[in-house]
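On the provided structure of chain A, position chain B as indicated by the hints.
This is what each chain is made of:
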Amino acid sequence: MIYADRSTGVIVTGATGNQGKFHIPFMNAYARQVGGKGIVAGVTPGKGGQEVSGVPVYNSIREALREHDAGAAVVFVPAGAAMDSVMECAYAGIGLIVTITEQIPVHDTMKAIEYARLQGSAVIGPNCPGLLSPGECKLGIIPAQLATRGNVGVVSRSGTLTYEVIHELTRAGIGQSTVVGIGGDPVIGQTFTDVLGQFEGDPETKAVVLIGEVGGSLEEEGAASTDLPLVAYVAGVTAPPEKRMGHAGAIIEGGEGDARSKIRRLDGMGIAVAERPGEIPDLIRGYL
Amino acid sequence: MRLAEYEAKEILKTYGIPVPAGAVIRSPGELGPRLGEFGDEIVLKAQVPVGGRGKAGGIIVTGKGEAVSRAAALFGKEIRGFPVREILAEERLAIGKEYYLSIAVDRSSRQPLVLFAEAGGVEIEAVARERPEAVRRIIVSPLLAEIPPFALRDLLGDLAKDLAPVANRLYRIFREKDAILAEINPLVTTPKGICAADAKIIVDESALARQKLGKGRAKTDREQQAEAHGFSYVDLDGDIGVIGNGAGLTMATIDLIALYGGKAANFLDVGGGADRERVKHAVQLVAGLPSVKVIVLNILGGITRCDEVAKGILEAGIAQKVMVRLAGVNEDEGRALLAGKGYTMFETMDEAVLAAAGAIR
Numbered sequence: 011m012i013y014a015d016r017s018t019g020v021i022v023t024g025a026t027g028n029q030g031k032f033h034i035p036f037m038n039a040y041a042r043q044v045g046g047k048g049i050v051a052g053v054t055p056g057k058g059g060q061e062v063s064g065v066p067v068y069n070s071i072r073e074a075l076r077e078h079d080a081g082a083a084v085v086f087v088p089a090g091a092a093m094d095s096v097m098e099c100a101y102a103g104i105g106l107i108v109t110i111t112e113q114i115p116v117h118d119t120m121k122a123i124e125y126a127r128l129q130g131s132a133v134i135g136p137n138c139p140g141l142l143s144p145g146e147c148k149l150g151i152i153p154a155q156l157a158t159r160g161n162v163g164v165v166s167r168s169g170t171l172t173y174e175v176i177h178e179l180t181r182a183g184i185g186q187s188t189v190v191g192i193g194g195d196p197v198i199g200q201t202f203t204d205v206l207g208q209f210e211g212d213p214e215t216k217a218v219v220l221i222g223e224v225g226g227s228l229e230e231e232g233a234a235s236t237d238l239p240l241v242a243y244v245a246g247v248t249a250p251p252e253k254r255m256g257h258a259g260a261i262i263e264g265g266e267g268d269a270r271s272k273i274r275r276l277d278g279m280g281i282a283v284a285e286r287p288g289e290i291p292d293l294i295r296g297y298l
Numbered sequence: 133m134r135l136a137e138y139e140a141k142e143i144l145k146t147y148g149i150p151v152p153a154g155a156v157i158r159s160p161g162e163l164g165p166r167l168g169e170f171g172d173e174i175v176l177k178a179q180v181p182v183g184g185r186g187k188a189g190g191i192i193v194t195g196k197g198e199a200v201s202r203a204a205a206l207f208g209k210e211i212r213g214f215p216v217r218e219i220l221a222e223e224r225l226a227i228g229k230e231y232y233l234s235i236a237v238d239r240s241s242r243q244p245l246v247l248f249a250e251a252g253g254v255e256i257e258a259v260a261r262e263r264p265e266a267v268r269r270i271i272v273s274p275l276l277a278e279i280p281p282f283a284l285r286d287l288l289g290d291l292a293k294d295l296a297p298v299a300n301r302l303y304r305i306f307r308e309k310d311a312i313l314a315e316i317n318p319l320v321t322t323p324k325g326i327c328a329a330d331a332k333i334i335v336d337e338s339a340l341a342r343q344k345l346g347k348g349r350a351k352t353d354r355e356q357q358a359e360a361h362g363f364s365y366v367d368l369d370g371d372i373g374v375i376g377n378g379a380g381l382t383m384a385t386i387d388l389i390a391l392y393g394g395k396a397a398n399f400l401d402v403g404g405g406a407d408r409e410r411v412k413h414a415v416q417l418v419a420g421l422p423s424v425k426v427i428v429l430n431i432l433g434g435i436t437r438c439d440e441v442a443k444g445i446l447e448a449g450i451a452q453k454v455m456v457r458l459a460g461v462n463e464d465e466g467r468a469l470l471a472g473k474g475y476t477m478f479e480t481m482d483e484a485v486l487a488a489a490g491a492i493r
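Residue numbers (this note's numbering), protein chains in the order written: chain A, 11 to 298; chain B, 133 to 493.
Simulated from the structure, these hints should not be mistaken for laboratory data.
In silico negatives: residues of chain B with every beta carbon more than 10 Å from chain A:
| no. | residue |
| --- | --- |
| 1 | Tyr147 |
| 2 | Gly171 |
| 3 | Val259 |
Distance condition first, Cα-Cα at most 27 Å in a straight line; then the derived DSS-like pairs of lysine-lysine:
| no. | chain 1 | residue 1 | chain 2 | residue 2 |
| --- | --- | --- | --- | --- |
| 4 | B | Lys293 | B | Lys332 |
| 5 | A | Lys253 | B | Lys395 |
| 6 | B | Lys309 | A | Lys121 |
Which stretches of chain A does chain B cover? Using the computed rule of at least three CB atoms under 8 Å from a CB of chain B, they are:
| no. | stretch |
| --- | --- |
| 7 | 120-127 |
| 8 | 146-156 |
In this text, a Cβ means the ideal position worked out from N, Cα and C, and glycines have one as well.
The following block holds chain A by itself, in its conformation from the complex (with noise of 0.2 Å):
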């Protein structure tokens, strides 16, 4: 497993928000059901002294960290405010920050990553559904049911795409080492090159799934970067060229990032690259 295991003590920043108070419990329990340690404390301004689902709420991560110890944090803040927070967790030093909002401004994005990895702290996301890890942690909103424990590793930009992957896997008998959602917005913290480099030092993981699709060009640089055994899918064989499919950072510009090129790449890196979702399973099993 990558980035975080049972070990790690996590904050919640906009805990006393729908999304916060929806999720902490599922990230609980599934904390309790492994035996880790999982929700520490929610940090919401203003708020502090409430309980969320029995999570004590903090005024500030630094006032949560005074009572708590935590390795990382994960920021469900609506948009106009959560890269203040993601900011606040890289200055008091938290390592890992999980960022799931949505719609958050590009510019905001910019300073608050680059701010952070100043600081030394990675960011996952945003816009991104997080991170689990079979059977030790999850920090944020895949759904654990779908997962079980294993020797392959996903990376996705997607959420439900990647669920989709996951459930397929496990139903055909292959675990999951450790899944990461790194986000649909065009500017995102821990790249797929990042990821791959954690997968790369992590014994368990013996393949990767590799889950992109159209804008940019994250999905060569990364596999260009690694020598782990990779499968990849890419969405968007089909989507039109200027129009957002759904994701801020899905989109073809100016002629780049079409799904076919991206596609057309891998495949000359000797990469196996998947028609479909469904032909992920039988592909990775070669490599296990």
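Relative to the frame of chain A, chain B by itself:
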């Protein structure tokens, strides 16, 4: 969202970057009274949100005498599918040199990327392909409020003295207007000085509210209607309606339809945690497309409840066949609700899409 050229130029002007003398007209009659502002020759530029206007006949150079009739003809045209509703009339510049200057969000470095080339008025991608050495690039930390002088010297070389103020003003526009692209192409020299002959600004869709800009340009009516319901939606040109939850899964569904020889009519992502009302609206919206013969509904519920989805489908009460793939939370309840009501249910997206493609053939 791409701003119209005249809107981009108004912003440039506000920030002190010179632009040609010009006027926006919305009918040929508005041009006559303003002809005195432009000199003997006038450029008429259709304000449509697509590139390659010139080649498609959207830019006309004309003398004063025929200007009004030429404008009338341009108003009657469609440029790459967009009817001409506004024309920017401008003075014709006496152009010396042409340059390219742009600032964009660079996905790979996650930072602003400034591009400059001593070749303007042509597609920068083409210049980059044919003469890569002609395109100079610098990355600027997003934490900096301006481009540092050393970087401007790197970027502009001997031209820094003349062009540095323009570059920094464009950088301020890029930051303050939440642009994902701010481009001047070409930036030209004239006897009167530097001038932005054409400009393109694309504003981040996630920042439209704080920029006080409305949504819905370059979108079809149905796309706007779908947005009002909070769906991500794109019109396509096939006959299989598509509803999914999550952008990636919905895109993959459309690709799968093509792989099995079909063609999707649309992209509709109902979003996470959709309830019966949302599903009902989604189904009715897609069923309302005249081209749609069959619908694929692909839901993998992490937090979306399949029983809610089933109720939404039932309440929509539509004529077309729906191929339903329901998996996840309460999937058995969802399937039970639909059983025996004429819906075909599938365990996997492969099966649902294959059935839809088969139903068309």
